[in-house]
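Visitor: Below are the chains, spelled out letter by letter.
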Amino acid sequence: MLTIVYLIAITAEAMSGALVAGRRNMDMFGVALIAFITALGGGTVRDILLGNFPVNWTQHPSYIYLTITAGLSTMVLARFMHRLQKLFLLLDAMGLIAFTIIGCNVAQQLDYSLPVVIMAGIITGVFGGILRDILCDQTPQVLQHELYASVSLMVAVLYLVLQHYGVNEEITLLASFGSGLAMRLAAIRWSWSLPVFYYAPERW
Amino acid sequence: MLTIVYLIAITAEAMSGALVAGRRNMDMFGVALIAFITALGGGTVRDILLGNFPVNWTQHPSYIYLTITAGLSTMVLARFMHRLQKLFLLLDAMGLIAFTIIGCNVAQQLDYSLPVVIMAGIITGVFGGILRDILCDQTPQVLQHELYASVSLMVAVLYLVLQHYGVNEEITLLASFGSGLAMRLAAIRWSWSLPVFYYAPERW
Amino acid sequence: MLTIVYLIAITAEAMSGALVAGRRNMDMFGVALIAFITALGGGTVRDILLGNFPVNWTQHPSYIYLTITAGLSTMVLARFMHRLQKLFLLLDAMGLIAFTIIGCNVAQQLDYSLPVVIMAGIITGVFGGILRDILCDQTPQVLQHELYASVSLMVAVLYLVLQHYGVNEEITLLASFGSGLAMRLAAIRWSWSLPVFYYAPERW
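Sequence order for the protein chains is A, B and C.
Here UniProt numbering is used: position 41 in the first sequence is 41, and no number is missing along the way.
Here UniProt numbering is used: position 41 in the second sequence is 41, and no number is missing along the way.
Here UniProt numbering is used: position 12 in the third sequence is 12, and no number is missing along the way.
Just so you know, these hints were derived from the structure itself, not from any lab.
Quick caveat: nothing in here was measured; it's all calculated off a predicted structure.
Positions of the beta carbon are idealized from the N, C-alpha and C atoms, including for glycine.
Treat the hints with care, as some may be off.
[To be verified] Which bits of chain C does chain B cover? Going by a derived footprint, with three or more residues having C-beta under 8 Å, they are:
1. 13-27
2. 47-56
3. 80-87
4. 109-117
[Unchecked claim] Cβ pair distances, simulated, as ranges:
5. C:189 / B:190: 25 to 35 Å
6. A:79 / B:113: 30 to 40 Å
7. A:90 / B:138: 42 to 52 Å
8. B:108 / A:65: 14 to 24 Å
9. A:65 / B:179: 23 to 33 Å
10. A:54 / B:137: 51 to 61 Å
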């Protein structure tokens, strides 16, 4: 089940990356690269930080083809996509949750300690979007708008707590997806966000 | 032959990096760092992604000295360099091709699959320039202007096809350089570029 | 001694990172992430470049807690911190020196050659700040203002020279800190900076 959600998620992430590249007037190659990095960059950063070689996507050429194809298709499909914005926000939220759980699993299998496992989940969830924004020369969106990274943190903690108490794997996954989706969609609907730190000093 | 082209290429890349740093009014240290990263950053990203430790330049101190010297010299030579702009575009194109072929070779020796080999070539070719632009706070040029990354892709594919059919190594290299240079210089001369994706929505 | 200075340093770096995040109006999560990366990013880049896995902070959860707590506290403390600006500049300078020496030591233990050892020191010293600026979408400060990276270079060279001549470890550390602090504080006091490279051409 997680694999199917994962494939849908990297497709959705690739398309969202392509749209941001389009706002920067990138060429086809740039669109493909940003789509690839948005979808697979989080897992790549995680694998490198954890010393988990070979990096995941290098062993799955299909992920490369899928994300690049999704990115390039977006150049054609973009004009129709604003009607699907809600669907995309849903797919993006599912991706965030799937990435987080997969990230936690990878770090656990490498016997990292609990805080590193949680960070591996969050990094897998949010770093694709952060790399996309760095490459597109804008301040990372996930650190400024509605609850996003926080959803990743909540999902990681819930998942690990349920797992720790020996709850059935399927129930754990369902509970993680259910509460994560609810939190993310509620955050979008009612513009929930974390307290923002405004700091405007004379030169520091 | 490839080694000599490589040394010329990292020198030219270092100097081009230094010029971009100069446009950001960086100090000597910044110029040296940007020169180093522009020249050797592509290979570094490739080695890290492929888990190919130790990273290449850490075993060749001469590359460190060469790129830093080239970067700092540019601070003095910049005023004369606009006359050499065409020479530099030629050296840059040769560097792109040499980096691409070297990148493919490295991934092949590590037994990565074909799509990863091609991506390793492209990453070696273009990521130095991408890192330079990230550090200089501008949208990556190689994803916006005339054919550049596409030349890298074409060279990688041509090189691997010729190699696959057992063509003599020297002929393979000559064909790759010849067609790569022709494509890049024609792209500059006639402003060939890939289709650009313009996307200007209401907030996504 | 170096460990205590290190803990103070990562706390100070985390707080300085949080302030920059605040100027970008990041949310709590962004502040925590930028604080973490500013404090521990330099060592992380060093470990990855040197192939030194597991990355240092993954084995010390206390560093994670310390830097995140320091970052979040800054959201409350910021209004009082401008009075402490001089103290912070001092702590930041001590951190730069401690990071540099630690970075050199790590590369030495892995038997890297001298230029790589020096670069490992500088990278540990300055890359936290560079990553902070990349994430906050500004040109890296350490490459533009008063002597900073140069202090790191000077400390690395002095430390390695004294060590090479068999000078007592404590004297080596004291001399490195003493001269590094003197150089950095003098640079701030009298606005010492490296020659800047101004380059404003027609399109290159």
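Visitor: Now tell me, hint by hint, if it's right for this structure.
Guide: Structure-based check of each hint:
1. 13-27: That given contact is violated, which follows from only 0 residues of the region 13-27 of chain C lying within Cβ reach (below 8 Å) of chain B.
2. 47-56: holds (count 4)
3. 80-87: violated (count 0)
4. 109-117: Holds, because 5 residues of the region 109-117 of chain C bring their Cβ atoms closer than 8 Å to Cβ atoms of chain B.
5. C:189 / B:190: 25 to 35 Å: Once the Cβ atoms are compared, 56 Å apart, the range 25 to 35 Å for residue 190 (chain B) and residue 189 (chain C) is violated.
6. A:79 / B:113: 30 to 40 Å: Hint holds: Cβ distance 35 Å, inside 30 to 40 Å.
7. A:90 / B:138: 42 to 52 Å: The hint (42 to 52 Å, Cβ to Cβ) is violated, given that residue 90 (chain A) and residue 138 (chain B) are roughly 34 Å apart.
8. B:108 / A:65: 14 to 24 Å: Given about 20 Å between the Cβ atoms, the range holds.
9. A:65 / B:179: 23 to 33 Å: holds (25 Å)
10. A:54 / B:137: 51 to 61 Å: violated (32 Å)
In this structure, the earlier hints numbered 1, 3, 5, 7 and 10 are contradicted, and the remaining ones agree with it.
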